[in-house]
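Respectively, the protein sequence lines represent chains A and B. The numbering of the first sequence is this note's numbering, which starts it at 8 and goes up by one. The numbering of the second sequence is this note's numbering, which starts it at 103 and goes up by one.
Read the hints as simulated data drawn from the structure, not as lab findings. Check before you lean on any hint, since a few could be wrong.
[Stated by the list, open to error] Only part of the chain B face toward chain A is listed, based on derived beta-carbon distances under 7 Å:
(1) R118
(2) A122
(3) V124
(4) A128
(5) R129
(6) A188
(7) G190
(8) G191
(9) A197
(10) V199
(11) A275
Where is the CB? At the ideal position from N, CA and C, for every residue including glycine.
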Amino acid sequence: MSVVSTSALTRRFGGAAAVDSLDFEVTGGVVGLLGPNGSGKTTLLRMLSTVLSPTSGDVSIFGLDPSHHGQRTDIRRRLGYLPQDPGFYRGFSAFELVDYVAVLKEMSERSSRADEVRRVLAAVDLADVMHKKIRALSGGQRQRVALAAAMLGSPELLVLDEPATGLDPAQRLQLRSLLSEHGRRGTVVLSTHHTVEVAAFCQRVIVMLRGRVHFDGTPSELAQLAAGRVWVDHDASAASERAWITADGTIRAIGDPPTGAELVEPTIDDGYLLIATPGAVR
Amino acid sequence: MTVAVASRQAPSRTRRTRRALVALEARRSLTAPWLWLGVALTAWFAYNSSGATFAAGDYHGLMASFAGVTSGLFILGVNAGGRDHAIGGPVAPEAAVDADERALGRLLGLWPAVSIAVLFSVVVFVVQHVEGGMWIADLPQGANQAVFSLVEMMQPPILFVLASAAGVALGRATAHRAIVAVAGALVITAMGFVYWAWQWTPAVWVTLIQAQPIEVDLGKDFVPADAPTTWMLSYPDRYQPSWGRVLVHQAMAGWHLVYLVGIAAAFTGLAIRGRRGRAAVVAGTVVAVAAVIVQIIVTPAGMTGV
Numbered sequence: 008m009s010v011v012s013t014s015a016l017t018r019r020f021g022g023a024a025a026v027d028s029l030d031f032e033v034t035g036g037v038v039g040l041l042g043p044n045g046s047g048k049t050t051l052l053r054m055l056s057t058v059l060s061p062t063s064g065d066v067s068i069f070g071l072d073p074s075h076h077g078q079r080t081d082i083r084r085r086l087g088y089l090p091q092d093p094g095f096y097r098g099f100s101a102f103e104l105v106d107y108v109a110v111l112k113e114m115s116e117r118s119s120r121a122d123e124v125r126r127v128l129a130a131v132d133l134a135d136v137m138h139k140k141i142r143a144l145s146g147g148q149r150q151r152v153a154l155a156a157a158m159l160g161s162p163e164l165l166v167l168d169e170p171a172t173g174l175d176p177a178q179r180l181q182l183r184s185l186l187s188e189h190g191r192r193g194t195v196v197l198s199t200h201h202t203v204e205v206a207a208f209c210q211r212v213i214v215m216l217r218g219r220v221h222f223d224g225t226p227s228e229l230a231q232l233a234a235g236r237v238w239v240d241h242d243a244s245a246a247s248e249r250a251w252i253t254a255d256g257t258i259r260a261i262g263d264p265p266t267g268a269e270l271v272e273p274t275i276d277d278g279y280l281l282i283a284t285p286g287a288v289r
Numbered sequence: 103m104t105v106a107v108a109s110r111q112a113p114s115r116t117r118r119t120r121r122a123l124v125a126l127e128a129r130r131s132l133t134a135p136w137l138w139l140g141v142a143l144t145a146w147f148a149y150n151s152s153g154a155t156f157a158a159g160d161y162h163g164l165m166a167s168f169a170g171v172t173s174g175l176f177i178l179g180v181n182a183g184g185r186d187h188a189i190g191g192p193v194a195p196e197a198a199v200d201a202d203e204r205a206l207g208r209l210l211g212l213w214p215a216v217s218i219a220v221l222f223s224v225v226v227f228v229v230q231h232v233e234g235g236m237w238i239a240d241l242p243q244g245a246n247q248a249v250f251s252l253v254e255m256m257q258p259p260i261l262f263v264l265a266s267a268a269g270v271a272l273g274r275a276t277a278h279r280a281i282v283a284v285a286g287a288l289v290i291t292a293m294g295f296v297y298w299a300w301q302w303t304p305a306v307w308v309t310l311i312q313a314q315p316i317e318v319d320l321g322k323d324f325v326p327a328d329a330p331t332t333w334m335l336s337y338p339d340r341y342q343p344s345w346g347r348v349l350v351h352q353a354m355a356g357w358h359l360v361y362l363v364g365i366a367a368a369f370t371g372l373a374i375r376g377r378r379g380r381a382a383v384v385a386g387t388v389v390a391v392a393a394v395i396v397q398i399i400v401t402p403a404g405m406t407g408v
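Can you make the complete structure from the sequences, with help from the hints?
In structure tokens, the structure reads:
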């Protein structure tokens, strides 16, 4: 059974369609959304988290209709959401804030709620600063507080909008292990600008451009889109769509390789760039 | 014989969650400084308003001093009601407890603060009664001291409820909590600590804090010796050309209370919104308007202000 299912899902802001006739299903695991700024990722995630209504089309979560008040509440009981810009009460401590969110998530029994709050804060490695005021926390720590709040009650569906923002490499590794573990039991849909994150632990990747899905497959399938179209050279070539100088001083190029070019194994970055480069969509 | 006793139905998830939210909000309202600052301000103003050199000065001042606690409760309400305007965006917008239910929990969470404020007002009034009342008139036929009537003593508790509801409603409605809190506190202060600026008759009907006694002009031909023995009078002086009758008008005070209840209901409706909220706004507005009209009707002819 699909956890998320959309049909001709559209959301317009004024005349512009942020999400345009989207059809897809998610049945489980970790799904990564890639796309440049303004491609509609955040709008899509807001609709999946029941925070935003579609202009037209349908979205179904756990087989329920979020436009129906009662069903929306049932969905929300099984959902965790990390917005792109999470809200904070600066005067609350990390514990107090997550505790407050726990109440909003209907965890009314005080002692079990406190245990759950400690559990999620420990899971994001904030146990030692849980009594510090939000205003005294770093950006990365705040991001983890918001992530902890989203993970309260181990929701069946986690919707995360750029969860790795502000995290250092060690924290990103921890996030990977946390989310991949969650994805084994439930479903995670996340957006990111980091293709390396997607390659590391997403079973499925969706690339969005201008509100539409331009790729839907596995990370390795995304990388393979660029097979035979990535080469290294010592000089820039006019044939490349994108080219950059690598650490060893050679130029790595993506596009239609010139005759005799030294082809290399593509990465997910190459596949993504090939799709996301204006005029390069094949 | 076996008697079956129906067990009390377990509270619903919604009710249990509401209780938990109320408890959290209650704790926050009591640990914030605003109520206590308000109490301190009221106590300071009440203390400093005693010993006035004109009749009813202390009496007016004591009632007006409750503007301090009222302002404190308003700020608490704004803070609680505006929690969904957190920095960055709403907190947990996907949570099962929706915005209207949150507002209700936040409103109800102010009840311990309101209760403490009410208790404080009771203490103030008990002290006033124990001390035997305050100088209210210049030339008594009987006594010139008075204590607050029951109707007058009910004004602060209703004001406290009104300020809390108004705070939650306005806090929820705007992202600019600090501006609303300061502006609201200033308005309440203006209607309290400078009550004398509201002594022209129409303002007495619609002000938040109605500080009685009122004064009724008795005309230049009035002879004090002819007045009933129960009347309390004020001398003609450079501020008033003729004798005046000083009285606490119970009907005016009572209908002013009804007016405050109406506004409190309307703000409660604005705070919680939804179907129940809209009904409360309509009912509260009707009650408030009707109460002002009745005040106009019962106001004695010749009233010159407070």
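(request) Any hints from earlier that this structure breaks? Give me their numbers in increasing order, please. (result) 3, 4, 5, 11
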